[in-house]
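Trainee: Add chain B to chain A, keeping to what the hints say.
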Amino acid sequence: MGTDTRLRGLRWWTELGWRHVVGVVTIVVCVFPLLYALSASVNPAGTLTGSHELFRVLSAENYLELGSTPFLLWMRNSLLVSSLTAVGTVLMGAAAAYAFSRFRFTRRRAGLTTLLLLQMFPQMLAFVAIFLVLLAITEVYPFLGLNSHLGLVCVYLGGALGVNTFLMYGYFNTIPRELDEAARIDGATHAQIFFRIIMRLVAPILTVVGLLSFIGTYSDFVIARVVLQRSEQFTLAIGLYNWGSDERNAPWGEFAAGAVLAAIPVVVLFLFLQRYVVSGLTAGATKG
Amino acid sequence: MALTTSTAPAVTGGRRGLGVGFLVKLVVVGLADALGLYGVLTSLATEQWGILVFLVAILAVVNWAYFSRRAVAAKYLVPGVIFLFAYQIFAIGYTGYVAFTNYGDGHNSTKSDAIEQISMQNEVRVEGSASYPLTVVAQGERLGFAVVVDGEAQLGAPDQPLAPAPDATVAGEQVEAVPGWETLRFVDIASRQAEVTALRVALSDDPADGSLRTQDASTAFVAVPALQYDAEADAFVDTADGTVYTPSERGNFVSEDGEALSPGWRVGVGFDNFGAMVADARMAGPFVQIFLWTFAFAFLSVVTTFALGIFLAVTFNDQRLRGRRIYRSLFILPYAFPGFLSALVWAGMLNDRFGYINVVLFGGADIPWLTDPVLAKASVILVNLWLGFPYMFLICTGALQAVPADLVDAARIDGAGRWQIFRNVTLPFVMVTVTPLLISSFAFNFNNFALIYMLTGGGPNFVGTPYVVGHTDVLISMVYSVAFESGSKQYGVASALSLLIFVMVGVISWLGFRRARRLEEI
Numbered sequence: 001m002g003t004d005t006r007l008r009g010l011r012w013w014t015e016l017g018w019r020h021v022v023g024v025v026t027i028v029v030c031v032f033p034l035l036y037a038l039s040a041s042v043n044p045a046g047t048l049t050g051s052h053e054l055f056r057v058l059s060a061e062n063y064l065e066l067g068s069t070p071f072l073l074w075m076r077n078s079l080l081v082s083s084l085t086a087v088g089t090v091l092m093g094a095a096a097a098y099a100f101s102r103f104r105f106t107r108r109r110a111g112l113t114t115l116l117l118l119q120m121f122p123q124m125l126a127f128v129a130i131f132l133v134l135l136a137i138t139e140v141y142p143f144l145g146l147n148s149h150l151g152l153v154c155v156y157l158g159g160a161l162g163v164n165t166f167l168m169y170g171y172f173n174t175i176p177r178e179l180d181e182a183a184r185i186d187g188a189t190h191a192q193i194f195f196r197i198i199m200r201l202v203a204p205i206l207t208v209v210g211l212l213s214f215i216g217t218y219s220d221f222v223i224a225r226v227v228l229q230r231s232e233q234f235t236l237a238i239g240l241y242n243w244g245s246d247e248r249n250a251p252w253g254e255f256a257a258g259a260v261l262a263a264i265p266v267v268v269l270f271l272f273l274q275r276y277v278v279s280g281l282t283a284g285a286t287k288g
Numbered sequence: 001m002a003l004t005t006s007t008a009p010a011v012t013g014g015r016r017g018l019g020v021g022f023l024v025k026l027v028v029v030g031l032a033d034a035l036g037l038y039g040v041l042t043s044l045a046t047e048q049w050g051i052l053v054f055l056v057a058i059l060a061v062v063n064w065a066y067f068s069r070r071a072v073a074a075k076y077l078v079p080g081v082i083f084l085f086a087y088q089i090f091a092i093g094y095t096g097y098v099a100f101t102n103y104g105d106g107h108n109s110t111k112s113d114a115i116e117q118i119s120m121q122n123e124v125r126v127e128g129s130a131s132y133p134l135t136v137v138a139q140g141e142r143l144g145f146a147v148v149v150d151g152e153a154q155l156g157a158p159d160q161p162l163a164p165a166p167d168a169t170v171a172g173e174q175v176e177a178v179p180g181w182e183t184l185r186f187v188d189i190a191s192r193q194a195e196v197t198a199l200r201v202a203l204s205d206d207p208a209d210g211s212l213r214t215q216d217a218s219t220a221f222v223a224v225p226a227l228q229y230d231a232e233a234d235a236f237v238d239t240a241d242g243t244v245y246t247p248s249e250r251g252n253f254v255s256e257d258g259e260a261l262s263p264g265w266r267v268g269v270g271f272d273n274f275g276a277m278v279a280d281a282r283m284a285g286p287f288v289q290i291f292l293w294t295f296a297f298a299f300l301s302v303v304t305t306f307a308l309g310i311f312l313a314v315t316f317n318d319q320r321l322r323g324r325r326i327y328r329s330l331f332i333l334p335y336a337f338p339g340f341l342s343a344l345v346w347a348g349m350l351n352d353r354f355g356y357i358n359v360v361l362f363g364g365a366d367i368p369w370l371t372d373p374v375l376a377k378a379s380v381i382l383v384n385l386w387l388g389f390p391y392m393f394l395i396c397t398g399a400l401q402a403v404p405a406d407l408v409d410a411a412r413i414d415g416a417g418r419w420q421i422f423r424n425v426t427l428p429f430v431m432v433t434v435t436p437l438l439i440s441s442f443a444f445n446f447n448n449f450a451l452i453y454m455l456t457g458g459g460p461n462f463v464g465t466p467y468v469v470g471h472t473d474v475l476i477s478m479v480y481s482v483a484f485e486s487g488s489k490q491y492g493v494a495s496a497l498s499l500l501i502f503v504m505v506g507v508i509s510w511l512g513f514r515r516a517r518r519l520e521e522i
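Protein chains in written order, with my numbering: chain A, 1 to 288; chain B, 1 to 522.
Here chain A stands alone, though its shape is the one from the complex:
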């Protein structure tokens, strides 16, 4: 192929030009709904009908109005629940991965296989049972039952091992065992090895798992909807759903402003994680 000669005219169009057309059209389609949401968020009309001329007016009114709504409460709830879940997921997943990677115990293989099988059945499929279990728990531990953030976090942590152990297990196996052995000869206990040596060496995978867990929890709708029932307990997903789906007197402007603010943490984390996500996907893919 002539890589050094620049393509011109018709040849350029058939080889490369059309790709730019496809690219531009795709970008327009990708970006438009997001721009539309941004435009509605700065439009003080605040209704679906009033949001048709994009960026006709620029006003912070919708954003300021969020202050008098439960939005900030929902944001706080979402951040709280997602952070707790992320920390818990990382700790429990790392501990389990350490056990599977470093110790040889009876039923170890069976345990790994069970986790692999459980991975196929996402927890959200059992939301009816989760609701009923929490209904029963409410009578014993009200702070872990329905309508409590801690109860919701516990439910999410129930899904922590199934999804993340394998990802971490693979990474833990790449840390040389000689390190453990050296430390053990120096008199370190298994707990010291875990907290002082291994946890530091696997920090990258801990970050990735923690952030992925954060994003997943932040965006979860079904389980949060089943567990949380009062407006002041809502997470962003449920609160904004109530605004966005309210067709008649929809606070559309506030919804759009809320959506823009709610999306920021996820988009930022995603851009930060993109490298890991993409390489993780493709690494998994090429391995088959």
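Just so you know, these hints were derived from the structure itself, not from any lab.
The C-beta atom is built at its ideal place from N, Cα and C for all residues, glycine as well.
A few of these clues could be false.
[Stated by the list, open to error] What the simulated footprint calls covered on chain B by chain A, stretch by stretch (three residues with Cβ under 8 Å from a Cβ of chain A suffice, anywhere in the stretch; the number is not a length):
hint : stretch
1    : 335-346
2    : 499-511
[Said to hold, decoys possible] Stretches of chain B that chain A covers, calculated by requiring three or more beta carbons in the stretch to come under 8 Å of a beta carbon on chain A:
hint : stretch
3    : 215-227
4    : 288-295
5    : 303-316
6    : 450-456
Mentor: Structure of chain B alone, referenced to chain A:
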């Protein structure tokens, strides 16, 4: 060189004693034990036997794991496994149990709860019985009745049968004040009217004695159960006409002519819940439609997103193309934006009367994007295409790197066209690596509750169905509707449907693994 640490405690145990680590462990396990014991006592009091057994087991396992010198691996596995067991394995198992019961509205609790409820709810005033001038008293939220019976002041509350209150001040036939209680004035009563008229104060510990009730908050009368429970015969008897209600297999007290008392209680109903969807003629058609649509939706979602994804990946895989990085990073935007927000934004844009698409792009047309059965399905697929193609684009771009360039060059020299190269060289290579991901994408979309729920809410709804379900509902959103949103909550039926989904997801994943293995062997 496997480290058999669990069999060599002398080496792994290291120093034992009062190190900081040991103290931390002691405090944490101690707190867990305290929490557990509190739960054991509460579940004893509230008769939650399942939780009680679970807690006792956990307490045993936790203390064994953390105070035994052996079980090293268990120390690291126990916390995660407890949560996994309680909220995933048990939840799945419980789904299996509930699926065979009639748990749901009208059958929410145990038989003894149902007996209590029925006795309480069916009360009539005793004919010709005395009425007493009544004083309504309160302790914060808690209401009580104070009356004068045979010249003696008596006080009672819902949780406390009528008992003498010797230190109350009495004015004539009426109690004026009771120490420790606030006497409610007329305005207070008016604002809590519903509470006051619903209040019943038992005359004694025996429910058959009846209770004190009021309708106007100024006089109280004695009401006795209209239905008397006969523990020996395990039946309710109507005190007025002597009708006997006996327990039925369906978990209700039923009279001979078929009249059932409500509420009932939870009983096993065998496989009835599994047939519930097709047994009801009003539901059979919609159920079959939803079932087929679920497969169609998942299949079309995968096919459309994959087709667009691989098309874009191949198109922008050309080294000579400028600005590839910019294109790629902008293509990922829909994937980076939280999906639940995108779905809601699209729902607003597709609104048939006020949405941007109809009003601006179609010049004020009235296209029922989300309210026509066929168009709504198309909209759901298109919005999911928007949401999902970036993921496919990413994995296809990755997979393309595995296609040997010399193979493509060889094909080109042999005179193969673009399409032929794609069809016979690129696609087979890509398929090997992405097939497992396509299968998991299928399984994900099979249960894509959030998209359906946020975009259409399952609508447009079918007419005349006993459950609120619509043309774009998939099985999982149908489960949600049956369990929570259809007026009468039917957890049993919903769980049976969930099991159906479990089985299908299992089969799909299993096929996926097998297929992936076969492709790898090529």
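Trainee: Confirm or reject each hint.
Mentor: Quick rundown of the hints versus the structure:
no., hint, in the structure
1, 335-346, "holds (count 11)"
2, 499-511, "holds (count 5)"
3, 215-227, "violated (count 0)"
4, 288-295, "violated (count 0)"
5, 303-316, "holds (count 3)"
6, 450-456, "holds (count 3)"
Hint violations for this structure: numbers 3 and 4, all remaining hints satisfied.
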